[in-house]
Amino acid sequence: MDLLSHTITFRHALAQWYATAQRPLPWRTQPSLYRTVVSELMAQQTQIKTMLPYFERWMQRFPDFAALAEAPAEDVLKHWEGLGYYSRARNLHKLAKEYVALEPKPRSREDWQQLPGIGPYTSAAISSIALGEPAAVVDGNVVRILARLTDDARVFKNNGEAVKAFTPTAEAVLDQGNAGEHNQAMMELGATVCLKHKPLCTVCPVLAYCAASRKGSQEARPKIERKATVKVEVERAWVLQAGKLLLHRIAEDSGQLAGQYELPRLETVASPRSAKQLLASKSRSITHRRIKEHIYQVKAKPRIDASLEWVRVEDIERITLSGPHRRWIGELLAR
DNA sequence: AACGCGGGGGG
DNA sequence: CCCCCAGCGTT
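Counting from 1, one number per residue, gives the positions in the first sequence under full-length UniProt numbering.
Please note: incorrect hints may appear among the correct ones.
What the hints assert, rightly or not - Calculated cross-link-like contacts (lysine to any residue; reagent style SDA-like; alpha-carbon spacing at most 20 angstroms): (1) K276 - L246; (2) K97 - G119; (3) K97 - H79.
To be verified - Okay, the calculated beta carbon distance ranges per label pair: (4) H6 - A67: 39 to 49 angstroms; (5) R284 - T192: 20 to 30 angstroms; (6) A172 - L200: 19 to 29 angstroms.
Rather than coming from a laboratory, the hints here were simulated on the basis of the structure.
We put the beta carbon where it would ideally sit given N, CA and C, even for glycine.
Let's have the full structure, built from the sequences with the hints guiding it.
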């Protein structure tokens, strides 16, 4: 069955499946505009399983727009620690402040897209799920599903190009009278059945509409080119004296990890010839960069500048660190 | 249009 | 080891 000739029955099959197969996620069992907004920001480029514990903690501490708007930035960042893409937290904080002050409140998709951190995907999600607007979401799940349903063999340069290519199809398939549920059903199908590797076609509710499954080309759809990963090496300094660890505080206006602490770069605190000992070598990845970090214990007197701070060991848990650095510091302190 | 932004899951 | 994930803002 061709998808675009049978959109009515397709929507029905999808909705029937979603009604019983959906996971009981906290923003579904207890829905609200605020919870929808927070869940969508946290879910950007992040698997649901990963962000769930963050969502629960967030709701305990910032239960509504007003509570978030009044919270100090440091507190907000701390609750995002480890989740990555920290501009999402800063944007969500800014959004809450704007939302509280805004009259009239934003209603339409266009209204929402004016707010910080809200782009085409998130504005469609919020306006359809919480406000009943017939806007189609197009995320990675939807792209994958539609590329398979239509067995689209085009090669896309990047994810953005694929999203643009499938937006008209997503809009054609959208159940306009039930857009929020339809959108969530599409994404749920992608997350639990139409998987990237080894999709569960035998239990797929819309298998009859899937051109790729008929040809066995599911796993080859969609075709999206990937950027090569770049390898980088960094040397870090470990300076622990009198129960205090020397840390570098990243400037608030830095694009990357703003306001967070990290182990200082070795060259900022020690000269090339000063005595040092390699304690550990660790790897992490940031987007398409693979970073290998070598941590050296510095034995000479360290150079100190304004970006460096001595942090008492017992205070380390209260500051904001990247996930990997927090983990490594914990390991080294335990030695 | 291309790039930078995190961290974890899963093959 | 690799790719991908309920994308957005900047250039």
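Violating hint indices (sorted, rising): Violated hints: none; all satisfied.
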